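Student: Going down the list, the sequences are from chains A and B.
For the first sequence, position 406 matches number 406 in this note's numbering, and the numbering has no gaps at all.
Going from the second sequence to this note's numbering is simple: count from 1 and add 1000.
Calculated directly from the structure, the hints in this document are not laboratory data.
Bear in mind the structure is a predicted one, so any value in this text is a computation, not a measurement.
The beta-carbon is built from N, C-alpha and C at its ideal position, and this holds for glycine as well.
There could be a bad hint or two in this list.
Said to hold, decoys possible - So these bits of chain A aren't anywhere near chain B, every CB distance computed over 10 Å:
hint : residue
1    : GLN150
2    : THR189
3    : TRP210
4    : TRP217
5    : PRO261
6    : PHE285
7    : MET359
8    : LYS444
Stated by the list, open to error - So, partial list: chain A residues that the calculated Cβ filter (under 7 Å) puts toward chain B:
hint : residue
9    : TRP139
10   : TYR142
11   : PHE157
12   : LEU176
13   : SER213
14   : GLU221
15   : ALA223
16   : LEU227
17   : THR232
18   : LEU234
19   : LEU236
Claimed, not checked - Beta-carbon label-pair distances, calculated as ranges:
hint : chain 1 : residue 1 : chain 2 : residue 2 : range
20   : A       : TYR335    : B       : ILE1311   : 46 to 52 Å
21   : A       : GLN11     : B       : VAL1163   : 47 to 53 Å
22   : B       : ARG1191   : A       : ARG433    : 36 to 42 Å
23   : B       : ALA1224   : A       : ARG35     : 55 to 61 Å
24   : A       : LEU161    : B       : ARG1248   : 35 to 41 Å
Residues per chain are reported as follows:
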Amino acid sequence: MAAATDLNPYQGPPVGETAFAKVTNNIARIAETPRPPRAWYIAIAISSTLALAFFGSIGWVFWDGIGAWGNMIPVAWGWPIVNFVFWVGIGHAGTLISAILFLFRQDWRTAINRFAEAMTIFAVICAGIFPGIHIGRPWLPYWMFPIPNQMQMWPQFRSPLEWDVFAVGTYFTVSLLFWYMGMIPDLGTLRDRAVKPIRRFLYGLLAIGWRGSSRQWHRYERAYLLLAALATPLVLSVHSVVSFDMATSQLPGWHTTVFPPYFVAGAIYGGFAMVVVLAVPARQFFGLKHLITMWHVENMAKIMLVTGSLVGYSYLMEFWTAWYSHDHFESFTFYNRAFGTYAWACWTMITCNAFVPQMFWFKKVRRNLPLVFIGGVLANVGMWFERFIIIDTSLSRDFLPTSWGYFLPTPIDYLTLAGSFGLFFTLFLLFCRYLPIVAMAEVKGVHPSAHVHTHEERS
Amino acid sequence: MSDTKKEAGKAVTEAPLHGLLAEYETPTALVEAAKRVRDAGFKKWDTYSPFPVHGIDPAMGIKPTILPWIVLVAGLIGCGGGLLLQWWTNTYDYKWLISGKPFFSIPANIPITFEMTILFSAVTTLFAMLILNGLPRHHHPLDLKKRFARVTDDRFFLMVEAVDPKFDESDTRELLEETKPVVLDEVLEDRVTSDKLPRGLVYALVVISVAALVPFGLIARARASTMRKTRIHIIPDMDSQTEYKAQRMLDFFPDDRAMRPQIPGTIAVGQLDADDHLYRGKVNGAWALTFPKQVPATEATMKRGQQRFGIYCTPCHGVAGNGDGMVAKRATALAQGTWVPPANLNQDYLRVMPVGQLFNTITRGIRNMPAYGPQIPPKDRWAIVMYMRALQRSHKATINDVPAAERGSLK
């Protein structure tokens, strides 16, 4: 309809003589439209307001001190660390889609891997801010790094918090490199189609002269495989190291060896939920239905089902272990989680993470976009509550009853959490506007038209 | 070489031929063409595609790259570097004792070592790939061919360079025509695009380079000079406090010390201990002959004295006060020559010694006996003295001293 395409230039069938040209036009027009539709402006206005609120609340905390949040004794790790683990977890799905599904030769990943990787970068940015601002003396975070200094002191490398610095730093760097490397051929596409000089210059600068030479593709492919193979153990190790923040302590409910796989499964679950939450509207709004098909949505729902069930199994094992151990403190911790002061949060978590994804057993539900979207949102809610339950219930009810205390968040806590979403979505909307949001070269590479028919020798 | 040929549409200078460019619509056509060119023995040629074409590597005779080996070396450096970092900082340079754990333990150091391995490998993967590929390369003769812009869209190209030994303008052209390209074109060396940096960029770079030297200059000047002003301290952090600390100098006092000793005669609250009798065992300057009024002569006091004597005195003086406690026996057996035997409390001179003096001996010690004043409160010390008197009396007691009612149980 003419009216619809006036409002949203991304709608309408992709044009092109060949299948490859259709893919190029479908994606490139998103970055090339001079003015995106009004909805984009509204969305970015909201998200940047929230992002400003984020930085404002951080500034307030710097000025006023950590007490501006609800952090107190005994719950000294309140929402900031919950948010940190939450965001790092979300980032893991992007690497899984890029690296692990690549190693498993799942060609369907090519439609979603680019913006999943972008989601990873932005989620890790949001995550990495929290450890830096929650340290009480935020002008000293350089103490976490092994920089020679006049005190002749070094960080303590036995500490999981120090491991975090290296793990999250490595994860961010590797994800950024992987994301950029994947974008080089597509930036070349945008460069070659760009008409305005500034665009041409900037895309050209980023595309570093990529011209699609097969000799270069050969090394590029090897590099891609190497990065995928490196990123796979990396993503498993990063969230394991984050879980060590809790697992290496002695608190009941924290001190358990199930944490690394439990956290990783939860991270993948939450991350895929975020991919779904982004992909379902994006494919509609940006006209990507031919690339991100119902098959993709179904696959993502299936992965959510698997990982959600794993998370549910982990909950079961935690409760069972607490009972089987007959350890007074461990048993109480889990009894308290299910029936104590935080029971409302605990049951929200179990419902959203273990029960809600069970609806994806049914094909009708998997192919129902509103339900899949709602499932994704609930999964994110559930994953946030899981981090909250783990961190705050164990702290608020530990060994000595006289040390107990109930954690209450302050308005600054709410603002910081909401603001982090604002930062995330602002970066994501900017990414959609200016960068290739689907990996065009990879999609073309797995298209049937790319198949080479050989007559003489097998390739 | 086609120096003599003039390209229509090109400007003043004659540009030499860079190569011949063939365009194809399908990857299959490209692969077939590549095989022909490979078999013809060309070395300086390449194919171009919007995505990596399956089978193009053997079709072109591309050898596997050494990139994986470079990455392996980088990974090993990262691994070793991570271990070295942790060992050197926590075990060698500043030995850090954490809960009595060993200075270096590999399990604790694995996470960071692992991450460093991945980090070094990944960074090397990208940058080695770019370097091996000769990227960034912002300038290429192919950029002048408008049709070549479709290489990142949906077309496939093959170019044989003129510098190849087997290149011949007409023969190579004929070979390429046989592969049925959509378009076969000449690519000329670029004599059109200026290879000078834009003026504005040059000026900006010069300005930035000069400006970048300013901080170093300021640092050099600061290192070479002294300052009278206090340094800028952005976050006070209670770092410099105006009060005088214990070891600081202060010329206000004659001995130049900020820390002042106690004024003689200073007594802490509650420690006046004015009662000479109770605290020092003296009455009017002489040893007390009686017990202070705070220590009643009751069964309770005696029992307390017995218990305290058993705790503090029996190790040396023995249970009966004869100087034969376990410590004394052991010391005598060791015969080191340094032992002064504990007194036998039942000796005559101690039986007549005033209780105040006995109290003083317990409080201040005597010969090898340490002062028990700090350990035993005053009333307890008096109770011990009372018990001592009971021991001394029992040493020279007769049956007539025992109450009549209990004489039967002794016989």
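Student: Could you run down the list of hints and mark each one as holding or not?
Tutor: Verification of the supplied hints:
1. GLN150: 13 Å, holds
2. THR189: Non-interface label fails for A:THR189: nearest chain B Cβ at 4 Å, not farther than 10 Å.
3. TRP210: 7 Å, violated
4. TRP217: The claim breaks: A:TRP217 does not keep its Cβ more than 10 Å from every Cβ of chain B (closest is about 4 Å).
5. PRO261: 16 Å, holds
6. PHE285: Fine: 24 Å to the nearest Cβ keeps A:PHE285 off the interface.
7. MET359: Holds: least Cβ distance 37 Å, greater than 10 Å.
8. LYS444: The assertion about A:LYS444 is violated, with a minimum of 5 Å to chain B.
9. TRP139: Given a least distance of 5 Å, the restraint on A:TRP139 holds.
10. TYR142: It is violated, given that the least Cβ distance between A:TYR142 and chain B is near 13 Å, above 7 Å.
11. PHE157: 4 Å, holds
12. LEU176: 10 Å, violated
13. SER213: This interface hint holds because 5 Å falls under the 7 Å limit.
14. GLU221: Holds - the Cβ of A:GLU221 comes within 7 Å of chain B, reaching about 5 Å at its closest.
15. ALA223: With Cβ-Cβ at 4 Å, under 7 Å, it holds.
16. LEU227: This interface hint holds because 5 Å falls under the 7 Å limit.
17. THR232: 10 Å, violated
18. LEU234: 5 Å, holds
19. LEU236: With a minimum Cβ separation of about 10 Å from chain B (threshold 7 Å), the hint on A:LEU236 is violated.
20. A:TYR335 to B:ILE1311: 46 to 52 Å: Because 48 Å falls inside the window, the suggested range holds.
21. A:GLN11 to B:VAL1163: 47 to 53 Å: 50 Å, holds
22. B:ARG1191 to A:ARG433: 36 to 42 Å: 38 Å, holds
23. B:ALA1224 to A:ARG35: 55 to 61 Å: Given range 55 to 61 Å: holds, Cβ gap about 58 Å.
24. A:LEU161 to B:ARG1248: 35 to 41 Å: Holds, at about 37 Å.
Checked against the numbered hints given earlier, this structure breaks hints 2, 3, 4, 8, 10, 12, 17, 19; the rest are met.
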